[in-house]
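Chemist: Spelled out, the chains give:
Number of protein chains: 4
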Amino acid sequence: MPALMILRKNAGGEKPLNGAKVAGCTHITAQTAVLIETLAALGAQCRWAACNIFSTQNAVAAALAEGGISVFAWKGESEDDFWWCIDRCVAADSWQPDLILDDGGDLTHWIYKKYPNLFKNIKGIVEESVTGIYRLYQLSKANKLCVPAMNVNDSVTKQKFDTLYCCKESILDGLKRTTDIMFGGKQVVVCGYGEVGKGCCAALKGLGAIIYVTEVDPICALQACMNGLRVITLHEMIKHADIIISCTGNKSVITREHFDQMKNGCIVCNMGHSNTEIDLSSLRTEELKWQRVRPHVDHILWPDGKRVVLLAEGRLLNLSCSTVPSFVLSVTATTQALALIELYNAPQGRYKQDIYLLPKKMDEYVANLHLPMFDAHLTELTDEQAVYLNINKHGPFKPNYYRY
Amino acid sequence: MPALMILRKNAGGEKPLNGAKVAGCTHITAQTAVLIETLAALGAQCRWAACNIFSTQNAVAAALAEGGISVFAWKGESEDDFWWCIDRCVAADSWQPDLILDDGGDLTHWIYKKYPNLFKNIKGIVEESVTGIYRLYQLSKANKLCVPAMNVNDSVTKQKFDTLYCCKESILDGLKRTTDIMFGGKQVVVCGYGEVGKGCCAALKGLGAIIYVTEVDPICALQACMNGLRVITLHEMIKHADIIISCTGNKSVITREHFDQMKNGCIVCNMGHSNTEIDLSSLRTEELKWQRVRPHVDHILWPDGKRVVLLAEGRLLNLSCSTVPSFVLSVTATTQALALIELYNAPQGRYKQDIYLLPKKMDEYVANLHLPMFDAHLTELTDEQAVYLNINKHGPFKPNYYRY
Amino acid sequence: MPALMILRKNAGGEKPLNGAKVAGCTHITAQTAVLIETLAALGAQCRWAACNIFSTQNAVAAALAEGGISVFAWKGESEDDFWWCIDRCVAADSWQPDLILDDGGDLTHWIYKKYPNLFKNIKGIVEESVTGIYRLYQLSKANKLCVPAMNVNDSVTKQKFDTLYCCKESILDGLKRTTDIMFGGKQVVVCGYGEVGKGCCAALKGLGAIIYVTEVDPICALQACMNGLRVITLHEMIKHADIIISCTGNKSVITREHFDQMKNGCIVCNMGHSNTEIDLSSLRTEELKWQRVRPHVDHILWPDGKRVVLLAEGRLLNLSCSTVPSFVLSVTATTQALALIELYNAPQGRYKQDIYLLPKKMDEYVANLHLPMFDAHLTELTDEQAVYLNINKHGPFKPNYYRY
Amino acid sequence: MPALMILRKNAGGEKPLNGAKVAGCTHITAQTAVLIETLAALGAQCRWAACNIFSTQNAVAAALAEGGISVFAWKGESEDDFWWCIDRCVAADSWQPDLILDDGGDLTHWIYKKYPNLFKNIKGIVEESVTGIYRLYQLSKANKLCVPAMNVNDSVTKQKFDTLYCCKESILDGLKRTTDIMFGGKQVVVCGYGEVGKGCCAALKGLGAIIYVTEVDPICALQACMNGLRVITLHEMIKHADIIISCTGNKSVITREHFDQMKNGCIVCNMGHSNTEIDLSSLRTEELKWQRVRPHVDHILWPDGKRVVLLAEGRLLNLSCSTVPSFVLSVTATTQALALIELYNAPQGRYKQDIYLLPKKMDEYVANLHLPMFDAHLTELTDEQAVYLNINKHGPFKPNYYRY
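Chains as they are written, first to last, in our numbering: chain A, 1 to 404; chain B, 1 to 404; chain C, 1 to 404; chain D, 1 to 404.
Read the hints as simulated data drawn from the structure, not as lab findings.
One or more hints might be untrue.
Listed next, the in silico DSS-like pairs over lysine-lysine satisfying Cα-Cα at most 25 Å (straight line) [to be verified]: (1) A:Lys251 with B:Lys360; (2) B:Lys9 with A:Lys141; (3) A:Lys144 with B:Lys398; (4) C:Lys393 with B:Lys9; (5) A:Lys251 with B:Lys306; (6) A:Lys393 with B:Lys141; (7) B:Lys21 with B:Lys113; (8) C:Lys360 with D:Lys398; (9) B:Lys141 with A:Lys398; (10) D:Lys251 with C:Lys360; (11) D:Lys352 with D:Lys144; (12) D:Lys21 with D:Lys120; (13) A:Lys205 with D:Lys205; (14) B:Lys239 with D:Lys239; (15) D:Lys9 with A:Lys306; (16) D:Lys113 with C:Lys398; (17) A:Lys123 with A:Lys144; (18) A:Lys205 with C:Lys205; (19) A:Lys141 with B:Lys361; (20) C:Lys205 with B:Lys205; (21) B:Lys9 with C:Lys306; (22) B:Lys263 with C:Lys9; (23) C:Lys398 with D:Lys398; (24) A:Lys352 with A:Lys144; (25) D:Lys113 with D:Lys123; (26) C:Lys398 with D:Lys21.
Residues on chain B that point at chain D, a partial pick, calculated with CB under 10 Å [to be verified]: (27) Gly185; (28) Lys186; (29) Ala209; (30) Ala224.
We put the CB at the ideal spot given by N, CA and C, even for glycine.
Chain A extracted, bound-state conformation (with noise of 0.2 Å):
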C-alpha cells in the first residue's frame, strides 16, 4: 500500500484528521490494517469492527489491537458476537464517533437503530460498496439520512480501477485454481458488460477464448458490439457454452431452466455482486446430485450423467479463489482516508443531508499517489495551457460528467 505510505509522509507534521474519532467497520486484513494506521498516524483515534463473520484475519487483529487500536473483530463469530463487535465501537461512554467507515451498512444501520442520537456529532458517514450505497439512497429517499455521506463505491478510481481491474486480474486466476481449464478456443458467455464483465471479458480475451456476452442495458450491449464481443440472450448460447460466468448484479440471472441445456463439463461462475446471481435454490432437488470435489468446486450431477461444474458455492469467484491485488485495494483504502479526511475538515455548510461523490480533485489525487508504482511521468500544463483549457493547473482537469 504505498500510496497510504506517500499519503502520510505528504502531511509532513500536518494532522489531518487530529482529534477525529473514526468508527470503522470493515474487512480486517493487512491491508485495511495499513489504512487505520494510516488514519491513527493522520491524528484519528480509532474504534473497528469486522463487516462479514468470516474475514478476519486474526493475526491482523491482535496486531492492531497490540499497536493501541481497539478492534473488535474475530474469524468466525456467531451472527450474535458480530452485532455485539458492532455496538462496541459506538457505545463507549467516552467516545463519541465523529466519522463513520462502512463496508455494507451494518454499522450506519446500527446507530440508527440504537444510538441515533450518535448522529448529533458525526460529520460524515463514508461508505464503499454497493449495498451500503444501496441501503444510504433508501434513507435518503425516506428522508431520513441526517448526515452527509460519501460515495466511494461511485468514485472514479472505485469503479474505473478497482472494479474493473480487480476482475480483469482474478478471473483467469479464480478458474485456473479451482479447474485445469485452458482458456483458448473456450466458449465463453459473460452475463453483464459493466465494469466486472469488461475485466473478465479483457482478460479472456487476452488469453484467446471466444466470448459471447449478455446485457440489458442498449449502451453496455453497444460496446460490447465495438469490442469484437457477440450480444446474446443467454438462452442462444446455452447448450454451446464452456464456461458461463455471471457479473450483473442482478438475481437470477442464471435458473434451472439454463442448467437443464448446459452441455456436460459446463463451468458456472459468479463474479457479480452477490450470491443470488445463480438461482442455486432450483439446483437443489432429489434428482440432481451434488459432489465436492475440492474446496470451492462442485460437481452437479444429472440423471442422464451430465455434469455442470459450479465454482465458489455460487458465491464471489474472487473472494473465495483468488488473491486480490494490493494495488486495487490501495486504491480504494486511499479514497476512504481523503473522503474522510474532507468530511472531517470540510466547512460548514459545504456537505448538507445528502450522498456526494468525492470531489474530483481527490479522485485525481488518489490517482497522482499511485502514478510512481509505475514510475509515470505526468506532463504539466504551462501557464499560457490552463489559460486556453481555462481550468487551474493543478486540477481539477475534467468536468464531473468527465466518463474517463
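Add chains B, C and D to chain A, keeping to what the hints say.
Modeler: Quick look at chains B, C and D alone, frame taken from chain A:
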C-alpha cells in the same frame, strides 16, 4: 444511416416535430442530408447553412434543395458568404425558428448578435461540438443563456462511440494513406489519453506499435499505466519516437523545441480538436525548408538534412486523410434528432435556461437503434429482476453518474 | 530499404558479385531499383525485364537506364512486348547470364524454351514467388532442373515477415480505401489460416472484428481455435458474414452458391495468391447486374435488390488498393541479394541440380540487417553458453527444422 | 484426454500395436495413465518406470498395476531406486522390448549401457524431451544410434501447441499463486522469444504488462520487434524490471551481476527448460540472506535491505506452481502413441538408424483428433481443388518445411 431509418419507421404515422421550424448549421454531407430529411419526415421545416466554408458537398446541397429544403451553402464560401448563408437561415420574414441545431456555435452566436429577439420563440439549442459547448458554458456563466441547450457532445453515445471509435477506426487509415509506414514495432507517442487518445492507442496496439502516452490528468495517466502503456513526458521520448500524435484538445503541445530534437523521419500528426495542438508558427522560419511531397504531406527539412514528416498541415488527420465511418455519423445524427424532439415536446418547465445532457433514456434509445446492425440481442429484465434492481424494466438502466 | 544500404556498407570495398552477370525479371519499382543498384554496387552487371505488364514504374525504369542498367520494361506492355523484353535480357550476343533472379518463373521458362544452352553457364536461379517455385518443383520432379535454384519464397524471413506482416499491415488499409466500413463488431470470415490469413486475422481482431476461419488443414485449424477464432465451414456463416476474405492460395473457394446466400451489403475480397480464389465466371450472368461504383469497387446486384460488394475485381486487394510497406519489400530484396551472392560464391558441389532453402545463417543475417530500424539490441552468447548449447556463438542458432 | 479416446474408438476392433512390447519411462500421472491404457487397448504389453524421482502419483501407479500394467515407480525414489526401476522395465528374462518410449533419455541410456543387445530387437525409440533429443543427436553424430528414433519434441503439435500454449496458459497462474502481483502496467523482461517466450509474452500482454525481450537469435528478435516488443539487453532494463522471466533453454542467463542491480521487490522466475538459467550458486553467499516466505517463494535480502523474490527455487515455475491443462498433455500423448504405431508398423526400410520427425500426416491426424473439443468444422477440398493444389485431398496439406 439505418438507425435514422428505424427512427422514422418507429415513429409510424406520428410526427413528433410537427410544425417545428429548425434552423441548422452543420457540415453538409450525404450523412447530414439523411438527418435533415429525417427531421422533415418527422414534421419539421428546415433551413440550413454550413458550419465550415470547405466541407459542403455541392451535390448534396443541390439534392436537398431539390427536395424542398432551404439550404444556403456551397463549397468554398468566402467569410462574407459564410455569414450571409447563416443569416439567410434565420432572417426570413415569415419564418422564425423554434429550434437551433448548431455545430460550433456560429449560428447561435449570430442570433445572439443580430436577432436576440428570436430567442423568445426558441425552445432550445442542440449543440454537438466541443467549441460550441464551450461557448454555451461561457454564456451560461455570464448569465446570458436565455434558452435551454442540449449538450450532445457529452452524451454517452457521442463520447463513448463517436469519439472513441471514430479515432480508433481512422488513425491507421490516415497514416497509411499519407505514408507507407509499417506499424509493427514503431515507437509512437500519443499525447493525451482521453477518448481520442484511447482510440488511437487501441488501434495502434492492435498492429504491434509500442506506445507511450503523455498526460496532464493523473486519472487518465493511471488508466494508461493499467492498460500497459508507459506514461512519459514528451521530452523523455522525443529523440526515439517514430510517430507523434497529438490528441489533447490543448494548444502548443508539440513545439519547436520538440521538433528540433526529433529524429530523422519522425512523423507528426494531430487527431485532437483544433489546429493549435502543434505550434506550427515556430516552424515557419528561414532555416527550415518545407516540401510538399503529396497532398497533406509536408517534409520539413533542417539544415543538417534531418527531415520531419508533418501530416495534414497539422489539422485533424482523420478529417483530411481518412473516411469517417457512417456508423459513427449515424450515432451523432440520431442523438441530434432525439435531442430536438425532446426539446420540442418537453412539458413547460422541464428545461430551464441551462445546459443539459441528454436524458439517459434517450442515450439508451440511440444505442438501441444501432444494435440491429450487429445482429445483437438484448436480454429483457423479468419483473422480479426489475423490482430487485429497483429500476423500470425498460430503462433507464443506470444512474446519471454512471461512466460506462 | 536501409538494410540494403547496410549490406553495401558492410561489404566495404569488397565486391562479392564481381563480374557476375545477373538477368532479372521482377516488378520494376522504386524498391527493386534499390536492389538492382545494390547488385551493381556489389560488382554485378544486370539486365532486367518486368514480370508483369502493368506494374512497371516508367520513371524508375528510365532512371535505372540512365544509371547504366539495361532495363527492358514499360507500363502497359502487350503480351508480345512482354516476351520481347524478357528475350532482350538473355539474348545479347556478347552477354551470357551467370545468375537468374526471377519472380514468377517467366524468365526461367523463356530460357528453357529458347536458350537451354545458357544453363551451362548459369550458377543458379533465385526465385521468390509461389508460382515460380511450383514451376521449379515441376521441373525438378521431371528431372529437368539443370541448375541449382534457391527458393526464396519459403525462407523464414519471406514467410514469417514479408507474407505475414505485409498482409497484417495492408488488409485494413485495402478495405478502408475502397469502402467506409467500420471494423468494430463486424462478422468476418477469413478463408485460410496460413501466414496470409493469420496476418489478416491479427489486424482485424485488433480493431474489434469478430472473426471466423475456414480451413482444410487440421493443424492450421487447431491454431485458429487456440487463438480464439471459431473454425467453421463457409456454408455455416455465409448468411451472417459482413466481410469475406479469401486467403487460401486455392481455387474456387468462394463460389456462386456462396454469393447467392450472402446477405445484402456483404463485402468480398481476395488476399490470396491468385485471382482464382473467387469464382467470378459464375457471376457474369444475365440476371446479375454489375456496377462499377469507384475504381476497384464493383457492386453486384441480384434481382431482388441484394447487393454484394466485390473489391479489386477479385484480384489481390493489397496490390491494388493499399501500399506495401518498404520494410516488407526490403526483407525480400535483401534475401534475394544474399541468395545471389551465395550461389555465385558457393564452392563447386555445395549446390546440385536441386531446389534449396536459403542457408539459415543468411536468413539470420537478413533479420540482423533489419534490427537497427527498431533500435533493437541483440544479446551475445558467452563462450560458456555457446559450448553449453553446442552452437557457434555467431549462429546459426537453430536447427533447420525450427519453425519460429 | 478425449483425443486418445477418439483414437481408441477410431481403431475399431483393430489393434495396431498387437503384440508390441513397449518399455516406457515418463512422468507417471493420471494423464500418462490414459496413454499407457490406450497403448494396452491397442494391443501393446507395457512395462513402465518413472523419468523423475518426485513426480510419480502413487495412486496412479497403483491403479495401473491393478489393471495389469507392470509399473516400477513411486514418489520419492532414491537415485539407486530410480535406476533399479528402469532396469526392471527392460531386464525381464522373458520380455524384450520392441519399442522404447522415453522422456529425457534415461531409459535409452540404460539400455545402451547395460543391455546393448536389446537394440537388435527394438524397432525404434520415441523421445519427447529437449534433453533426450539432444542425447540422441549426440549418439547419431558419434554413429552410435543403432535404431530409428522419432523426435516427438520437434513435431508441429508439440512445439506449436504443447510448448506455446502450455506456457501461455500457465505463466499468469504460476505468478499469481506465488505472489499477489497485479500485471497491469508492470515492466517485464522476458529472456528468450522462442515458443516458450512467445507464450509468456502473449499472456502477459493480454493483461496489460509492458514487455521487453532479450534474444540472441536475430530472427526471433525481429519477430519480437514486429509484434511490438522492445528488444533490449538484460543489462539495459535490469534496474527497471518488475518481473524477469527466463525462457531461453540456456545457462547463466540471469547472473549475480544482474541480481545486484535489480530493484527492490523484483520478481525472478524460470520458464525455460532447466534449472541452469538462473545462476543461483552465486547467490548462496554470506552477505545475502534467504527467507522462505511460502512454499516456492524465497526472498533474497541484500545488506541494504533490498529484497528480490525468487520463485520455485529457480526451477520451472509452471511445473511447481501451476496446473498444466489436460489439453496440452493430450496433444503430446496422442503424438507419442501415433509415433509408436508408426514405428511398429512401418515397412522394413522406411526408417533407418537416424532421427526422424513425425510424418506430417500424423501431425495432421493429432490435430484432427483435437478439433472436436472446439466444435471446429474442417472444410474438405473438392477433387478439382486437390488437383489444382497438386495434393491428396486428405492431406498431407503442406510441405515438410512449412513452419505454421
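Chemist: Now tell me if each hint is right for this structure.
Modeler: Results for each hint:
At roughly 23 Å between alpha-carbon atoms, Lys251 of chain A and Lys360 of chain B fall within 25 Å of each other, so this suggested pair holds. For the given pair, Lys9 of chain B sits about 39 Å from Lys141 of chain A by alpha-carbon distance, which is inconsistent with the 25 Å threshold. Distance hint between Lys144 of chain A and Lys398 of chain B is fulfilled; the C-alpha atoms sit about 24 Å from each other, no more than 25 Å. The hinted pair formed by Lys393 of chain C and Lys9 of chain B fails the criterion: a straight-line CA distance of about 72 Å is larger than 25 Å.
Distance check on the hinted pair: Lys251 of chain A and Lys306 of chain B sit about 64 Å apart at the alpha-carbon level, beyond 25 Å; violated. For the proposed pair Lys393 of chain A and Lys141 of chain B, the alpha carbon gap of about 20 Å is at most 25 Å, so the pair holds. Simply put, Lys21 of chain B and Lys113 of chain B have alpha-carbon atoms about 20 Å apart, close enough for the 25 Å limit, and the pair holds. At roughly 20 Å between alpha-carbon atoms, Lys360 of chain C and Lys398 of chain D fall within 25 Å of each other, so this suggested pair holds.
Of the supplied pair hints, the one linking Lys141 of chain B and Lys398 of chain A holds, its CA atoms being roughly 17 Å apart against a limit of 25 Å. This hinted pair checks out: Lys251 of chain D and Lys360 of chain C have alpha carbons roughly 23 Å apart, not beyond 25 Å. Restraint check for Lys352 of chain D and Lys144 of chain D: satisfied, since their Cα atoms lie roughly 13 Å apart, inside the 25 Å limit. In summary, the hint linking Lys21 of chain D to Lys120 of chain D is supported, as the alpha carbons are separated by about 14 Å, within the 25 Å threshold.
Proposed proximity of Lys205 of chain A and Lys205 of chain D is supported: the alpha carbons are some 11 Å apart, at most 25 Å. A threshold of 25 Å between alpha carbons decides the hint, and for Lys239 of chain B with Lys239 of chain D the separation of about 21 Å falls inside it, so the pair holds. Proposed proximity of Lys9 of chain D and Lys306 of chain A is supported: the alpha carbons are some 21 Å apart, at most 25 Å. Taken as a hint, the Lys113 of chain D and Lys398 of chain C pair is broken in the structure, with Cα atoms around 30 Å apart against an allowance of 25 Å.
For a cut-off of 25 Å, the pair hint linking Lys123 of chain A to Lys144 of chain A stands: about 16 Å separates their Cα positions. Using a Cα cut-off of 25 Å, the hinted pair Lys205 of chain A and Lys205 of chain C holds, with the two alpha carbons roughly 10 Å apart. About 21 Å separates the Cα atoms of Lys141 of chain A and Lys361 of chain B, which keeps this hinted pair within 25 Å; it holds. With a C-alpha separation of about 11 Å, the suggested pairing of Lys205 of chain C with Lys205 of chain B holds against the 25 Å cut-off.
Restraint check for Lys9 of chain B and Lys306 of chain C: the C-alpha separation of about 21 Å stays at or below 25 Å, so the hint holds. Annotation: proposed proximity of Lys263 of chain B to Lys9 of chain C holds, straight-line Cα distance about 22 Å (limit 25 Å). Between Lys398 of chain C and Lys398 of chain D the CA atoms are separated by roughly 21 Å; this keeps the pair inside 25 Å, and the hint holds. For the proposed pair Lys352 of chain A and Lys144 of chain A, the alpha carbon gap of about 13 Å is at most 25 Å, so the pair holds.
At most 25 Å may separate the alpha-carbon atoms for a hinted pair to count; Lys113 of chain D and Lys123 of chain D meet this at roughly 18 Å. A hinted pair counts as satisfied when its Cα atoms are at most 25 Å apart, and Lys398 of chain C with Lys21 of chain D does not qualify at roughly 35 Å. Of the supplied interface hints, the one on Gly185 of chain B holds, with its beta-carbon coming within about 4 Å of a beta-carbon of chain D, less than 10 Å. Interface hint at Lys186 of chain B: satisfied, since its Cβ lies 9 Å from the closest Cβ of chain D, which is below the 10 Å cut-off.
Because the smallest distance between the Cβ of Ala209 of chain B and any Cβ of chain D comes to about 6 Å, under 10 Å, the interface hint for this residue holds. The interface hint given for Ala224 of chain B is met, as the beta carbon of that residue sits about 8 Å from the closest beta carbon of chain D, less than 10 Å.
In this structure, the earlier hints numbered 2, 4, 5, 16 and 26 are contradicted, and the remaining ones agree with it.
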